[in-house]
Amino acid sequence: NAGVTQTPKFRILKIGQSMTLQCTQDMNHNYMYWYRQDPGMGLKLIYYSVGAGITDKGEVPNGYNVSRSTTEDFPLRLELAAPSQTSVYFCASSQEQNTIYFGEGSWLTVV
Amino acid sequence: DAKTTQPPSMDCAEGRAANLPCNHSTISGNEYVYWYRQIHSQGPQYIIHGLKNNETNEMASLIITEDRKSSTLILPHATLRDTAVYYCIVRVGSSNTGKLIFGQGTTLQVKP
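Residue numbers (the working numbering), protein chains in the order written: chain A, 28 to 138; chain B, 1012 to 1123.
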């Protein structure tokens, strides 16, 4: 099993550009999450999903969109990149109350 | 907002037990307590979780008070590699929602 896989690992965007961070898991987990972590800060929940076709906002959803068309994939879309979205992004998955597995992170810089 | 409160930082001598406290006074009966740690900017690493009984695994022990309003993570013999930010997390809402909110965590510094 590969666990939770995020791509790309590093990306530089210009202000106003759009991009999608990909996240896929091969553990058949129902729950998936996107977090962001600014330098020296804790993780903030952006969006989460409790199953295919179901998504909901977390603490900091503005500027982002998600979709969950399959159990495996949970992409995060940035429509109009802003410098405030410079951060490290972590995707995670879990099966109800069991262990939460995190990806290795995607480093995004908006200039 | 996070439903847990942790001290911002702690020190521990290498080889000694590290005891990391967490308050979760508003925890519901069906909510679990999870502990994760994050070394540098790596993805958070699972340590342990529990509902109401004390738990132990190869990494740590989790002690939950009888009223479930607080818990303590114990690293029995801390090493320099245990230096990290430790997060205590309570799963928010019912098991149907599963939203996970992280607090600021405790930065544990293990010193030689």
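Do not rely on the hints blindly, as some may be mistaken.
As the list claims (entries may be wrong) - Restricting the straight-line Cα-Cα distance to at most 27 Å, the calculated cross-link-like pairs of lysine-lysine (DSS-like) are:
| id | chain 1 | residue 1 | chain 2 | residue 2 |
| --- | --- | --- | --- | --- |
| 1 | A | K41 | A | K84 |
| 2 | A | K71 | A | K41 |
| 3 | B | K1063 | B | K1122 |
| 4 | B | K1014 | A | K84 |
| 5 | A | K84 | B | K1122 |
| 6 | B | K1014 | B | K1063 |
| 7 | B | K1110 | A | K71 |
| 8 | B | K1110 | B | K1122 |
| 9 | B | K1014 | A | K36 |
| 10 | B | K1080 | B | K1122 |
| 11 | A | K71 | A | K36 |
| 12 | A | K36 | A | K84 |
| 13 | A | K71 | A | K84 |
| 14 | B | K1080 | B | K1110 |
| 15 | B | K1110 | B | K1014 |
| 16 | A | K36 | B | K1110 |
| 17 | B | K1014 | A | K41 |
To be verified - Which stretches of chain B does chain A cover? Using the computed rule of at least three CB atoms under 8 Å from a CB of chain A, they are:
| id | region |
| --- | --- |
| 18 | 1081 to 1091 |
| 19 | 1113 to 1123 |
None of these hints come from the bench; they were simulated from the model. Glycine included, each C-beta is placed from N, C-alpha and C at the ideal position.
The hints, checked one at a time:
no., hint, in the structure
1, A:K41 - A:K84, "holds (25 Å)"
2, A:K71 - A:K41, "holds (23 Å)"
3, B:K1063 - B:K1122, "violated (32 Å)"
4, B:K1014 - A:K84, "holds (18 Å)"
5, A:K84 - B:K1122, "violated (40 Å)"
6, B:K1014 - B:K1063, "holds (17 Å)"
7, B:K1110 - A:K71, "holds (11 Å)"
8, B:K1110 - B:K1122, "violated (35 Å)"
9, B:K1014 - A:K36, "violated (31 Å)"
10, B:K1080 - B:K1122, "violated (30 Å)"
11, A:K71 - A:K36, "holds (19 Å)"
12, A:K36 - A:K84, "holds (24 Å)"
13, A:K71 - A:K84, "holds (11 Å)"
14, B:K1080 - B:K1110, "holds (20 Å)"
15, B:K1110 - B:K1014, "holds (12 Å)"
16, A:K36 - B:K1110, "holds (25 Å)"
17, B:K1014 - A:K41, "violated (36 Å)"
18, 1081 to 1091, "violated (count 0)"
19, 1113 to 1123, "holds (count 4)"
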